[in-house]
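458 is the number of the first residue of the sequence shown in our numbering; add one for each residue after it.
Derived from the structure by calculation, the hints contain no laboratory data.
Mixed in with the good hints, there may be bad ones.
[Unchecked claim] In silico SDA-like cross-links for lysine to any residue, where the CA-CA straight-line distance does not exceed 25 Å:
#: 1; residue 1: 628; residue 2: 523
#: 2; residue 1: 699; residue 2: 660
#: 3; residue 1: 628; residue 2: 541
#: 4; residue 1: 699; residue 2: 635
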Amino acid sequence: MVAQVIGAWITGSLALLTDTAHAVTDTAGLVVALIAGRLMLRPASPGRTWGFRRVEVMAALGQATLLLLVGLYAAAEGARRLFAPPDVPGGELLVFGLVGLAANSAAILVLSSGRGVNFNLRAAFLEVVNDALGSLGVVVAGIIVATTGFSRADAIAGLLIVALIVPRAIKLIRETSRVLMEFAPAGLDLGQVRAHIAALDHVQEVHDLHASTIATGLPVLTVHVVVDDGCFNDGHAADLLKDIRACVAEHFPVAVRHSTIQLEPASRRDRTGCDD
C-alpha cells in the first residue's frame, strides 16, 4: 500500500491511484477483519446472548460500502481522463504495478484457506484478489504507455479496475443487508418449511413462522405450531417437538439447527385465534 501511494503521487496515474485506493480499503478491511475475528471469539453473556457474532456482517458491509464509493469516484475520474489524458510515465507505472502485484499475490496465498469461513474473511479475500487483478491492469497499462505512448491506456485500466470493484461491492452489500434486515436465509423456502411441518401427524396449523441469519453459518427459526389437545395428555407432544426440530434441521438445503418451536393446543387456538 505504501509503495502504491508513493507511485500514484509520482506518476499521477489513475489506474495506480484506483489500485492504491483499493489497497487502502484492503488494508483497512484486513484490520477490521482481525478485530472482528477477535470479537467473534468472545463468549455470549446475559446482555449479549449472541455474543459478537454479527460483527463480521457489519464489518463486511462497511468494507463493501467504502469500496463502492472508491469505485464511483474512480469511474467519474476515468471518464474525465479519457477526454483529457494527462502524461503518465510508463516505466515508473510498470515498476509500481509489479510491486503491487507481488504483494497482492502473497496476500492471496495467506487468505485463501480461510475465505469460506465467514462474510468478513470472504470480503477480505475477494478484495485482495480484485486488487491483484487491478495491479495486473496497472502493469499492462504501464507496458502500453511505455512502448506506444498511448496515455489513455491508464484511464482505461482504471475503468477496468472499477468494473472489478463495483459489482462485487454491490453483491456483498446485498448479502450483508439481507442478514441485517433479518430476511429469510438464502436457499430456505419458508413455504416448504410450513408445508413440511403442517404435514406431520397431529399438526393442525402452523403460524408465526420466521427465519433469519445471525451470522455466517448460524440460521435461526421460530414457529408456533397448533396440535391436537391429546398430544399434551398422552405425552406425544415431546415426540412431535423432536420431529419438528429434525424436520427443519435435515429436510432443507439450509440446515436450521437453532430453532424455537412453540406447541399450542388446538382448544387454545379455537378460543383466542392467531394471526399468521
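Hints and how they fare:
Annotation: proposed proximity of residue 628 to residue 523 holds, straight-line Cα distance about 13 Å (limit 25 Å). Proximity of residue 699 to residue 660 is assessed by CA-CA distance (about 13 Å); at most 25 Å being required, the pair is judged to hold. For the hint pairing residue 628 with residue 541, the CA-to-CA distance comes to about 32 Å; that exceeds 25 Å, so the pair is violated. With a C-alpha separation of about 29 Å, the suggested pairing of residue 699 with residue 635 is violated against the 25 Å cut-off.
Against the hints set out earlier in the document, violations occur for numbers 3 and 4.
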